[in-house]
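Enquirer: First to last, the sequence lines map onto chains U and W.
For reference, each letter of the first sequence is one residue, going 3 to 410 in our numbering.
For reference, each letter of the second sequence is one residue, going 3 to 410 in our numbering.
No wet-lab data here; the hints were simulated from the structure.
Here the structure is a predicted model, which means the values were calculated and not measured.
Watch out, some of these pointers could steer you wrong.
Only pairs whose alpha carbons sit at most 16 Å apart, straight line, appear in this in silico EDC-like list of lysine to aspartate or glutamate [stated by the list, open to error]:
hint, chain 1, residue 1, chain 2, residue 2
1, U, Lys361, U, Glu34
2, W, Lys8, U, Glu270
3, U, Lys54, W, Glu58
4, W, Lys335, W, Asp320
5, W, Lys340, W, Asp320
6, U, Lys5, W, Glu270
7, W, Lys128, W, Glu149
8, W, Lys8, U, Asp263
9, U, Lys54, U, Glu298
10, W, Lys54, U, Glu63
11, W, Lys139, W, Glu168
12, W, Lys5, U, Glu270
13, U, Lys5, W, Glu264
14, W, Lys5, U, Glu168
15, W, Lys191, W, Glu159
16, U, Lys8, W, Glu264
17, U, Lys54, W, Glu62
18, W, Lys54, W, Glu298
19, W, Lys335, W, Glu151
20, U, Lys54, W, Glu63
21, W, Lys54, W, Glu293
22, U, Lys203, U, Glu168
23, U, Lys8, W, Glu270
There are 2 protein chains.
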Amino acid sequence: IAKEVKDALSSSSLIRKMFEEGAALKKIHGAENIFDFSLGNPDLSPPPAFHKTLLELVNEETPGVHGYMPNAGYPETRAAIAEKVSAEHGVLIDSSHVIMSVGAAGALNTVFKAILNPADEVIVNKPYFMEYRAYAKNHRGNIIEVETEDDFNLNLEGIRSALSNETAAVLINSPNNPTGRVYTSETLKALSAILSLHGEKTGRYPYLIADEPYREIVFNGIKTAPVLNAYKNSIVVSSYSKSLSLAGERIGYIALSPDADEAALLAEALIYATRVLGFVNAPALMQRCVERLTKETVNIAVYRERRDAFKQVLDAVDIHYAEPEGAFYIFAKVPHRKGRAAQETDAGEDDLAFCEHLKKYLILGVPGAGFGKKGWMRFAYCVNDKLIKASADAFKKALAAWRGEMIR
Amino acid sequence: IAKEVKDALSSSSLIRKMFEEGAALKKIHGAENIFDFSLGNPDLSPPPAFHKTLLELVNEETPGVHGYMPNAGYPETRAAIAEKVSAEHGVLIDSSHVIMSVGAAGALNTVFKAILNPADEVIVNKPYFMEYRAYAKNHRGNIIEVETEDDFNLNLEGIRSALSNETAAVLINSPNNPTGRVYTSETLKALSAILSLHGEKTGRYPYLIADEPYREIVFNGIKTAPVLNAYKNSIVVSSYSKSLSLAGERIGYIALSPDADEAALLAEALIYATRVLGFVNAPALMQRCVERLTKETVNIAVYRERRDAFKQVLDAVDIHYAEPEGAFYIFAKVPHRKGRAAQETDAGEDDLAFCEHLKKYLILGVPGAGFGKKGWMRFAYCVNDKLIKASADAFKKALAAWRGEMIR
Numbered sequence: 003i004a005k006e007v008k009d010a011l012s013s014s015s016l017i018r019k020m021f022e023e024g025a026a027l028k029k030i031h032g033a034e035n036i037f038d039f040s041l042g043n044p045d046l047s048p049p050p051a052f053h054k055t056l057l058e059l060v061n062e063e064t065p066g067v068h069g070y071m072p073n074a075g076y077p078e079t080r081a082a083i084a085e086k087v088s089a090e091h092g093v094l095i096d097s098s099h100v101i102m103s104v105g106a107a108g109a110l111n112t113v114f115k116a117i118l119n120p121a122d123e124v125i126v127n128k129p130y131f132m133e134y135r136a137y138a139k140n141h142r143g144n145i146i147e148v149e150t151e152d153d154f155n156l157n158l159e160g161i162r163s164a165l166s167n168e169t170a171a172v173l174i175n176s177p178n179n180p181t182g183r184v185y186t187s188e189t190l191k192a193l194s195a196i197l198s199l200h201g202e203k204t205g206r207y208p209y210l211i212a213d214e215p216y217r218e219i220v221f222n223g224i225k226t227a228p229v230l231n232a233y234k235n236s237i238v239v240s241s242y243s244k245s246l247s248l249a250g251e252r253i254g255y256i257a258l259s260p261d262a263d264e265a266a267l268l269a270e271a272l273i274y275a276t277r278v279l280g281f282v283n284a285p286a287l288m289q290r291c292v293e294r295l296t297k298e299t300v301n302i303a304v305y306r307e308r309r310d311a312f313k314q315v316l317d318a319v320d321i322h323y324a325e326p327e328g329a330f331y332i333f334a335k336v337p338h339r340k341g342r343a344a345q346e347t348d349a350g351e352d353d354l355a356f357c358e359h360l361k362k363y364l365i366l367g368v369p370g371a372g373f374g375k376k377g378w379m380r381f382a383y384c385v386n387d388k389l390i391k392a393s394a395d396a397f398k399k400a401l402a403a404w405r406g407e408m409i410r
Numbered sequence: 003i004a005k006e007v008k009d010a011l012s013s014s015s016l017i018r019k020m021f022e023e024g025a026a027l028k029k030i031h032g033a034e035n036i037f038d039f040s041l042g043n044p045d046l047s048p049p050p051a052f053h054k055t056l057l058e059l060v061n062e063e064t065p066g067v068h069g070y071m072p073n074a075g076y077p078e079t080r081a082a083i084a085e086k087v088s089a090e091h092g093v094l095i096d097s098s099h100v101i102m103s104v105g106a107a108g109a110l111n112t113v114f115k116a117i118l119n120p121a122d123e124v125i126v127n128k129p130y131f132m133e134y135r136a137y138a139k140n141h142r143g144n145i146i147e148v149e150t151e152d153d154f155n156l157n158l159e160g161i162r163s164a165l166s167n168e169t170a171a172v173l174i175n176s177p178n179n180p181t182g183r184v185y186t187s188e189t190l191k192a193l194s195a196i197l198s199l200h201g202e203k204t205g206r207y208p209y210l211i212a213d214e215p216y217r218e219i220v221f222n223g224i225k226t227a228p229v230l231n232a233y234k235n236s237i238v239v240s241s242y243s244k245s246l247s248l249a250g251e252r253i254g255y256i257a258l259s260p261d262a263d264e265a266a267l268l269a270e271a272l273i274y275a276t277r278v279l280g281f282v283n284a285p286a287l288m289q290r291c292v293e294r295l296t297k298e299t300v301n302i303a304v305y306r307e308r309r310d311a312f313k314q315v316l317d318a319v320d321i322h323y324a325e326p327e328g329a330f331y332i333f334a335k336v337p338h339r340k341g342r343a344a345q346e347t348d349a350g351e352d353d354l355a356f357c358e359h360l361k362k363y364l365i366l367g368v369p370g371a372g373f374g375k376k377g378w379m380r381f382a383y384c385v386n387d388k389l390i391k392a393s394a395d396a397f398k399k400a401l402a403a404w405r406g407e408m409i410r
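Let's have the full structure, built from the sequences with the hints guiding it.
Expert: Here it is as structure tokens:
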């Protein structure tokens, strides 16, 4: 067994242990009685159009429909995605700029394989989805963490300082997991200017990789800003895991800026990486599905209602959180604990303890340490809204005990 | 763009060029007029039971059926595969020994990630599917090639000599691509004895990895020998790409010997690797399909008939080949060319030229160099049998010209 993997297994055992304990709680109390806000597994069914399309495709049963196609995907699927991405990103791309992928996780591994030389660096913005670290390591890259601003917007000065000759890419994720933050066009333009200046000075223009499976999940008129028209060496990775609730089907794509340096060779490199990493191609039937559903999403209003319900729950117990503008997570500050000095709370050592404490009240979340940000917690609200509302009482009891306001 | 990938793109350009030329020929002459034996993309439709099951599943539309499940796959699917594998391999395994994968290519990358330390060696048997080299390299491993016997059976003495302290695994592929060879139980037992002895001496028992997507495709009463009961540290990887003609759907699995050293930790390492390599899980709907279809295959008799038809075509022009016992490939020796000394033909420098020559007669195949074996050619007979029979005339003309028996 590979040493790197053995080490990863033992170091991730804390979070694994929490999940196992959560599973044990569900066995004891029944899953419906556990306030499980730990997982980003959308509970909304795919939209009716998906079911209809899938049924049509299965009934058509075109010969060869389950066989190999080019590694990059069906030309027609790539063309349909190119049209969608062009509209979203304010550029004109065609099928040659799109490579179908096995979800966004597969897409990121493919991109890293295609662009990283040994010891190359990928800049990420804390808090972040920590799997990025493993993805980069798979392909001999190193993750460089930059703290975001207090409101979890990008810290552009921090990114500028982190750039080096080894910087292969800056990776952004908007709408963000875990904070729900959505970066503005102005922010992306400013970031682009920084990367362009760095490129002019060093001759190496870092890639800007936008991981955006939550692009469509935004609230109250906020729009996810275009990326491909902001910077020449930009790459978008996305999936239908969230927008169509198809997380288990592993269908996504990579889209390139048409102005990327050596764009044609980069596309070839990505197709090669798709092949040799063993993805070979994105699942055939799902490619045909998403080709016909480029205008569909799940009902985003449901997530907005849940967000508002969750905000009410946290407001009622006076827990501070970052206002989520998109995705389906709320990132909450661990409140001050009885008997702790304020500076200890601020030092953010309490997220694991708070997580454990909430578990006694059958509330499950993920400690901020799991996103590189101690002292905070992520709650995923991609669950039934009744469960969110029903958790209010449990939160009240849990917080009273945490703050020493009543004896348990 | 990563240097390793750039290098791979330019070195694989010869075979890519041949494929591109093949595609160009199809445009000129019409695809139906090209004798394309180059690709292992099964043209048989999945069996009727697959279509029926898929339709049932789509109509059931169980909530959450397209969502995330545990990274290893649905417990019920893993249990169904465990039952199938137990019967095939003469062992008793349960769901904990099965991890669902994104095809066999995904499975092999997952296994290599889980077991390879930097500079570890994987022994393969020539000729072999050359993607293995890229898969190992992805995870910092090196491929060590061992020549097979003249009849393409395993060269056990060669494998013994190639074993070292760096040997992490011996990789076998039976029924074999490109030779169609099927190894006997006796051969596997002898190989097991060699690996066990090496383990006793060095303390490191190499894994025996059996890549067997063609297990069910065997002819004339030949059986694919069990592997998991032959050696303790054995791992089977497989897919439904060939047995159910689902190559584009990327559905496969990894199955472990229950006696493997640290079997539980190995399973955990494989599940972790599945996750961080970005597969995350095997496609959800296809997992549910294969769970219900463990006893189904395409009609194998069709492949046997095609094999026999292809043998007749080659016999008629006196081309020597390895008798295929399984899979859907025939590996043929490049015949002696007019004006060449016999020893030059034997030196096997002619496969690229022969391939080019056949192309003039609209016959496409893959030169042996693409499998590490110059002087041979692979023809894939997973195509319509009318095309095979119709190629006889083209072969006759091509061979007469190659041998200088008539003026073109």
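Enquirer: Work down the list of hints and note, for each, if the structure agrees.
Expert: Evaluated hints:
Pair hint Lys361/U plus Glu34/U holds up; C-alpha atoms about 15 Å apart against a cutoff of 16 Å. Taking the CA atoms of Lys8/W and Glu270/U, the gap is about 9 Å. The hint holds against a cut of 16 Å. The straight-line distance between the Cα atoms of Lys54/U and Glu58/W is roughly 14 Å, inside the 16 Å bound, and the hint therefore holds. Proximity of Lys335/W to Asp320/W is assessed by CA-CA distance (about 10 Å); at most 16 Å being required, the pair is judged to hold.
Restraint check: the Cα-Cα separation between Lys340/W and Asp320/W comes to about 15 Å, which is no more than 16 Å; the hinted pair holds. This hinted pair checks out: Lys5/U and Glu270/W have alpha carbons roughly 13 Å apart, not beyond 16 Å. Simply put, Lys128/W and Glu149/W have alpha-carbon atoms about 5 Å apart, close enough for the 16 Å limit, and the pair holds. A threshold of 16 Å between alpha carbons decides the hint, and for Lys8/W with Asp263/U the separation of about 14 Å falls inside it, so the pair holds.
Proposed proximity of Lys54/U and Glu298/U is supported: the alpha carbons are some 12 Å apart, at most 16 Å. Among the hinted pairs, Lys54/W with Glu63/U is consistent with the structure: their alpha-carbon atoms are about 11 Å apart, no more than 16 Å. Distance check on the hinted pair: Lys139/W and Glu168/W sit about 15 Å apart at the alpha-carbon level, within 16 Å; holds. With a C-alpha separation of about 13 Å, the suggested pairing of Lys5/W with Glu270/U holds against the 16 Å cut-off.
Restraint check for Lys5/U and Glu264/W: the C-alpha separation of about 14 Å stays at or below 16 Å, so the hint holds. Restraint check: the Cα-Cα separation between Lys5/W and Glu168/U comes to about 14 Å, which is no more than 16 Å; the hinted pair holds. Pair hint Lys191/W plus Glu159/W holds up; C-alpha atoms about 14 Å apart against a cutoff of 16 Å. Proposed proximity of Lys8/U and Glu264/W is supported: the alpha carbons are some 12 Å apart, at most 16 Å.
Taking the CA atoms of Lys54/U and Glu62/W, the gap is near 13 Å; set against the 16 Å cutoff, the hint holds. Between Lys54/W and Glu298/W the alpha-carbon distance is near 12 Å, which keeps this suggested pair within the 16 Å criterion. With a C-alpha separation of about 15 Å, the suggested pair Lys335/W and Glu151/W falls inside the 16 Å cut-off, and the hint holds. For the hint pairing Lys54/U with Glu63/W, the CA-to-CA distance comes to about 11 Å; that is within 16 Å, so the pair holds.
Our distance criterion of 16 Å between C-alpha atoms is met by Lys54/W and Glu293/W, whose separation comes to about 13 Å. Restraint check: the Cα-Cα separation between Lys203/U and Glu168/U comes to about 14 Å, which is no more than 16 Å; the hinted pair holds. Annotation: proposed proximity of Lys8/U to Glu270/W holds, straight-line Cα distance about 9 Å (limit 16 Å).
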